[in-house]
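These protein sequences, in sequence, are chains A, B, C, D and E. If you're matching positions, the first sequence starts at 1 in our numbering and goes up one per residue. If you're matching positions, the second sequence starts at 472 in our numbering and goes up one per residue. If you're matching positions, the third sequence starts at 644 in our numbering and goes up one per residue. If you're matching positions, the fourth sequence starts at 1271 in our numbering and goes up one per residue. If you're matching positions, the fifth sequence starts at 1372 in our numbering and goes up one per residue.
Treat the hints as calculated values from the structure; they're not laboratory data. Just so we're clear, the structure is a prediction, and the values are computed from it rather than from any experiment. Among these hints, one or two may not hold up.
Unchecked claim - Have a look at the derived ranges for each label pair, beta carbon to beta carbon: (1) A:Asp428 with E:Val1838: 34 to 40 Å; (2) E:Arg1818 with C:Asp716: 32 to 38 Å; (3) E:Val1838 with C:Leu1195: 56 to 62 Å.
Claimed, not checked - Straight line, CA to CA, 25 Å or less: simulated BS3-like cross-link-like pairs of lysine-lysine: (4) E:Lys1817 with E:Lys1806; (5) C:Lys802 with E:Lys1806; (6) C:Lys802 with C:Lys1054; (7) E:Lys1817 with C:Lys802.
Said to hold, decoys possible - Per the computed footprint, the stretches of chain D lying under chain B, defined by three or more beta-carbons under 8 Å from a beta-carbon of chain B, are: (8) 1274–1287; (9) 1359–1368.
Glycine included, each C-beta is placed from N, C-alpha and C at the ideal position.
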Amino acid sequence: MTWLDLIALTPFLILALGAAALLLISAWRPAGTPLVVGGIVIALAAALVAGLLPSPVVEISGLFDGGPYGRFFTILWSLTAAMVLMISHRYILERNFAAGEYVALILYAATGMGLLSAATSLIGLFLGLESFTLALYILIAFQRQSEPAAEAGLKYLVLGATATGFMTFGIGLIYTASGSFHFPEAFAAMASAGHLRPWGMLGWVMLLIAIGFKVSLVPFHFWTPDVYQGASAPVSGLLATGSKGAVMAALIGALAGGTGLLQELESLLWVLAVVTMLVGAISALPQTNLKRLLAYSSVVHMGTLLIGLICQSANGLSAAIYYLVVYSIASLGTFAVIANLSDNSHEIQQIDRLRGLGYVHPFRCGILAVLLLSLAGMPPTAGFMAKFAIFHAAIDAGYTSLALIGILASLISFHFYLRVIIALFMVDDQAPACHPGTSLEQSVLLVCLSGILVLGLFPDLLFNLIGLILP
Amino acid sequence: MATVLFYILSVVLLAATLLSITRRNPVHAVIYLVNGLFALAIIFYLLGAPLVAAWEVIIYAGAIMVLFMFIIMMLEMVPREPPAGPGWQRWGPVALISVTILFCTLLLITQDPDLAAQHGSPYMVPPREYGKALFGKYALAVQIVSFQLLFAAVGAYYVGKGDGASRRKEQS
Amino acid sequence: MSETLLFLIPLLPLFCAVAIMLFGMRLPRLFAEVLAVTGVAGAFLLTLLLWPYADGEGTRAVLFTWLNSGSLDISFAVHFDRLAAPMTLMVSGVATLIHLYAVGYMHQDRDYARFFSLLNLFVFAMLVIVLADNLLVLFLGWEGVGLCSYGLIGFWYRKLDNARAGTKAFLVTRVGDVFLGIALMWLFALTGTLSISAINAQAATIPSGVTLVLCLLLLLGACGKSAQLPLMTWLADAMAGPTPVSALIHAATMVTAGVYLLCRLFPLISLSAVGMAAITAVGALTALYAATCAMAQREIKRVLAYSTMSQVGYMFMAVGAGTVTGAMFHLLTHAFFKALLFMGAGCVIHLAGDENDIYKMGGMARRGPGELVWVFLAGAISLAGVPLTSGFFSKDNVLLMVYTHPDPLYKIFWGVGVLAALLTAFYTFRLVYLVFAGDYRGSGTAHALPLLMRWPLWVLALLALVGGSLNLPALVGGHERLQHWLGDLAGRPVTVDHHLEWLLVGLAVVLVVLGWGVAHWRYARFRNAWDNPLSRFLLRGWQADAVVDRVLVRPFQAMALFCWAGIDRALIDATVVGMSTRMLSLSMLLRRLTTGRLSSYLAAFAWGFLLILGWLLLQLVQGGGHA
Amino acid sequence: MIVPLGHVLIVAAILFVMGLACVIARRQLIMILIGIEVMINAAGLVLVAASGYWQQLDGQVFVVFLMALTSAEVAISLAMVVYLRRLRGTVVADEFDRMNG
Amino acid sequence: MMTASALPQFPWLSVLIFLPLAGALICVLTRERADESRWLALATTVTVFGISLYLWFHAGDSSGAWLYYEDVDWISRFGIRYTLGLDGISLLMVLLTAFLQVIAVLISWPQDKHVPLFFALLMVLEAGLMGVFMALDMVLFYLFWEVMLIPMFFLIGVWGHERRRYAALKFFLYTLAGSLVMLIALIALYLIHGEQTGLYSFALSDLMRTDLSTTQEAWLFAGFLLAFAVKTPLVPFHTWLPDAHTSAPAAGSVDLAGLLLKTGVYGMIRVAFPLFPTVVQKSLPLLALVALIGIFHAAWGAYRQTDIKRLVAYSSISHLGLVILGLAAWDLTAWQGSILLMTTHGITTGGLFALVAMIRQRTGTRDLTELGGLWQCMPNLSAFFLLFALASLGLPGLANFTGEILVLIGTFQSHPIWAAIAMFGVVFAAAYMLKMVQGVLWGESKRTFDCEDLTLREWLVLVPMAVLVVWLGLYPLPLLKLLESPVLTVIGGMP
């Protein structure tokens, strides 16, 4: 580790050390608001630094990418963390969360996500993944005396640990096969010394299972609805965006170099994508709980995102990144709306509770509707451009059947998204008013909304950026 | 000699683990597992990783298993009476799927042409080299791991601590 | 420039119709009445005024282009020629009288604006048919006539039966319209134009097979409007409308449209001998059919309605026999006496206190103005074909022409026609006897007859009696004026020796006397109606309605139900819904898999792992183990 | 290397599957966690073996991270167990099934 | 294809799209001010109508080129441009849209539920429709195509009648299913074109030059056609329409029948046919068959309906079948007739739906078995009802006839049998229409109701439509002239 490395690591240092500092401060002054504000400032500062301070090294310690790709996601997840903190503020105050721990864990999770997204070696992957997973174990069960939260925490913990087992064994096998943890070498060894294939393939497959668990690919998705439902909305938001996004980002980053592996795994990924999209969409149909519905929706989205990877083309990868960003914005926005409408007694989770709410809180529900439509892929929201890009890449790469199945899943998805919108606007029930929310939360909603609309109408903004960061 | 020892230890390891995972009583399970871990530690040593072997004993068999034991005792998880009915209903499908998985895995592993490959010279990592790598090449990783431990500690404390929150609520 | 004035002939009634429609209810009643009569009378006067334009080749005038697409160029254009002129005159003239009568007839009805505007519109539509230069404009009038009949037959819409009768009229005639429409399209495809004169000019270039089909299509189209077999069922029900409307439909406007169409396109249809025979056959059969039906009817207007059908059958026979003159002659005389009869019937019904059943009448002359019986009788004898009346000459002319047709088949048609003539005489006198003879058998209270309902009858009675002079045959020293006026449009001239002609005249006289004799024997003193299967069969018009209902209406309704309930609901929607329920049951299955228990999630983990392992092995096997 | 790499891998695989079997078969939380420990140990064995095979120490270094991580995870897990026991009075995993569907 | 684009013109076409959008935004932001939003909506739609009239009057003579054209770079990554263009066909559609939207606003005046949102959505719908009719870039087209769905979905779902949520969802998913397939086909076409020429562009004019194998062309055409067939709707994809109509509020029905269905046909004319000329020619008989089945199936289906709105909805399907038949004939006259029929159908059916709404408002029912005798107490309303019904059944002299007869005559030139069969449709059209008229207007009224004849606002709605119905029935020549050159451009010279 050199000084240059340290400079390159500045954003992470800000996040991690800031988290530790807040932890220390909270020991003396456990007041909620200052800590949250501090956390937000730290996250924003990290994003700012990541954006402004160019990295002097290409790779940090042989573990992490120091280039624009890593920076991009660092900024993204830092901003996500900041927004999660914004919507957590009222949770912390109203539900007596231990502010110091909470904020510190969120920031640390963001660190882990940033690291994971930038991982260039299996060790980096492992460390980054475990960092935020550990934080999430606690964050999910953070609300004390809440049985759903505890249950969600337990499920995530056990399954996550099992997934860790798979991942480590997989890493071990890959290492056995290739003799290196570093992606390029690992891929290269796989490609050149083809005779090690069975071990290596087994390793990659086990790693894929662990990743599949994190991003909820079917059949490793079962935890998703339960955990989303049990965890508090901001944490669910983090789970849906950063947790999945960082893993996907790492996968994209890793695969951007070695497409040979993709060819091997192509048919497996094909099946996984199809099954994930369809099962996710169909499972979501009868859901009556908005958070569970969003969970299944995230399953569908991850399946769709996988299409971008399967394409094994620059088009596919940039489409996947675009999709990832757009999905994250919309998803976080929806959870923000839930948090925004909820009060300290309970969260707005049941779709029935939303009946007629659209006219009680027109703007927030309107934003929710737009975000849901974006998730569904309705023009002119960004969700449409994302799907467009993915299908474009798929057809370009000759995967028309995948695109058609994606269409089918989209169609089914529309059904359940629309159900929410129907509940919001198309019933005459007089819904009781919800919490008015705070301006902090509202600003998150506005950011998400404008992000969705701007990226939907001017996708070039993001695509150009992606073109720059993709190796 | 070492080779033979490896196979013996492997058998011990597997047998102990098998016994461990099938025990009804967690205490017994932990004890068997500790046995297995000792065998594993020696295998590590035989494979040229003395430091790892030492840590296996200290951290795993020592710290972690003791922690397990402590929690088991604390929560009084020793079953008071044996459960009714045979375990086949539960173990049957599990055994089936496990054996199938095992079969497939082994098939895959044995498919590899390098199955019997074996570098001539034994490889023994001297602690100095190890330390250099750990705090040189992997210093960043160590830092990250240390942060992990810190936050894990914070988290464990937060989760495991008594109902401070609710008590505070009651007071106010 | 002044030929543009020709447009005023149809447009005058139209303007009046629109004016009444828009302002009728807002202005005094008199305004609407005057306007209505003015519109039609104005058309009549204009026709007289513009009569010279019809001479020679006639006059064509273009108002503006309607449709223009590719080679299709349709203008609103009129063609006032020798055929159109007398027709126009008749339509507007008779309609004027009917309008006047209607003013009296409807003087208590509150919905007069709708009535008069529709009446005027009716005349307008008919005049469009008469004057149309091209087939599409003719079609406009053709359908317009249907619309107006719809509105007027169902005028008293509160009784749903009336509305139904109107709907029926519209629908049945529309079936005919379809064939006309197809003929129209075909003619355009063949000749590249829809101008009637151009089509007639090019008719010879059309292959004969096609001509036959065209002829049949036109025949079917004409059948719809003229209530010929098989599209005749609507006419009897059309009695539901007010009596002036019946008079208008039967005498001046609607039913004659079919005959007129055939006359218009005579150069085309005359090219197909088979087609002409078909027309004659339809005419003959309808004449007989309707005459038999008329014998058994109880309602005065129904008797007249069937008689119309029968007489129009004669006109068709005339066309089929190749004489436009004959058809037009009978058309004109028929217009006079049938208008007269209907309006007389209207008076009778008035006097009977809105009673329609002739078995509940009798001695009607004594309940109202005494002259009624005489004017009615004038119409009746004309219908029956009593010598020297207009009907005698025109009908005789038709039968003569049919008889003299070179094709032996026509002898059969002639026989049928003669039989129908016998029946005509019978039912006419039956009607007269039942209505006017004996004592009043009903119980209604007579309404007063306004003057306006009485004096138009005199005019018509006069016309009915002397109308024969329009085309007096040479036999009795006439000049066959209509024949000469029509010139080359007239069709086959009469070429027969006087002996035969006298023979036929004698036969006609015998028939009339025979018919009268039987009627006198049966009805001079009132006896109750026959009630046997045959009479019931005839009463119901040979069960035509029932047959149509069985064969067409019910299958159609069943088909409609099948389309909607069977295909849309049970097939398409059910498939879609079935797909979604299948999806839902699948989702329920998945939901059951999501038990919430960790063990099952972990098991899913293991199963997933196993499946992927299986895939991996498969890959390996397929890849031949190792590369 | 004292034994062929494949043999070590076979032992590790058996160990891993045993751990997996424990995880999916047992209902007691503690036992599930023990199963996970077994799985992670199997991974450690693979890493050490590979390290010897490639004559590199990276694999062994990774084992240390692995252990550190495991201990962190175990700490949280066991804290969780205690917490759940206090909350619901049970440590049987399947009894936490309030949320499903 | 571009003529005047070199000169910087005032972007009227964009104004047509963005003016309603701006109106909608203001409407939503003013929140619960009912009256203001009504007037705002009226002002906006009237202005848009005025602009479209202005565009019509100032449209120069332009054979084979766009009357108006706008082109701006938009999403360079995919070669997507913001391209709008107006030719005779689209101008006619734009005029129809602008006109019917004014009508829709006027008939929605009594709407008292969430008023600002309602009018905002109407205006968004207008923007979407305008976009569809003007877009020349396929992604832009698709964008507007989908954008139309949302407001209609809300209009049905929020302000609809019985089973409105079901109907809204059905409408949405049906049309979406079609359009998503179209999206795939579109992207595939784009990629094929890009590979061939190296120019990756979604511009319609570029894509038209793609060289496709027969199989490719068939599949892609099928993809496009599915979207348009669902929207048109062609049998057997039509079952969403009666449900949607039954549930939709008056304005929704007017827009749905008058405009949304037209986008399907317009899509075929503007997009599907020019893009795949070879396979289109081959599939014309099939298209004609489907159209013929549609004409009769829907006409028969209509006959058995007792809900008059459903009946009119079925009649729409039948009429649209005739429109498609005209297109399938591939003949100038038939095409002019089809497009004219589209326009006139929009007006007559729109009028009928407006009247149905008025009747329902007064009587509280739309059921034929419960209605009757309306003429007695509302002769004016009834007269309009009769007028539109007659126009709809194709009475000469009224609007629909001109289109129908042109379609039939045009079709007869090349396919006499099709035209002859289709001709029989008019009988059934008369059957169901007169059944409806009979059930509504004639007889004695079966229930007591608010017996109020037309109000001033309703006169304002009906009189312009009635005038148009008569005008287009007697003098459609200006529209035919407008259509001639663009139709020839599409079908390729004189037939």
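Structure-based check of all given hints:
1. A:Asp428 with E:Val1838: 34 to 40 Å: holds, 38 Å
2. E:Arg1818 with C:Asp716: 32 to 38 Å: Given range 32 to 38 Å: violated, Cβ gap about 52 Å.
3. E:Val1838 with C:Leu1195: 56 to 62 Å: Taking Cβ atoms as reference, Val1838 of chain E and Leu1195 of chain C lie about 38 Å apart, which means the hint is violated.
4. E:Lys1817 with E:Lys1806: holds, 16 Å
5. C:Lys802 with E:Lys1806: holds, 15 Å
6. C:Lys802 with C:Lys1054: Roughly 46 Å separates the two Cα atoms, so the pair is violated.
7. E:Lys1817 with C:Lys802: At roughly 13 Å apart (the allowed maximum being 25 Å), Lys802 of chain C and Lys1817 of chain E satisfy the hint.
8. 1274–1287: With 13 residues close enough to chain B, the hint holds.
9. 1359–1368: The restraint on the segment 1359–1368 of chain D is violated, since only 1 of its residues have a Cβ under 8 Å from chain B and three are required.
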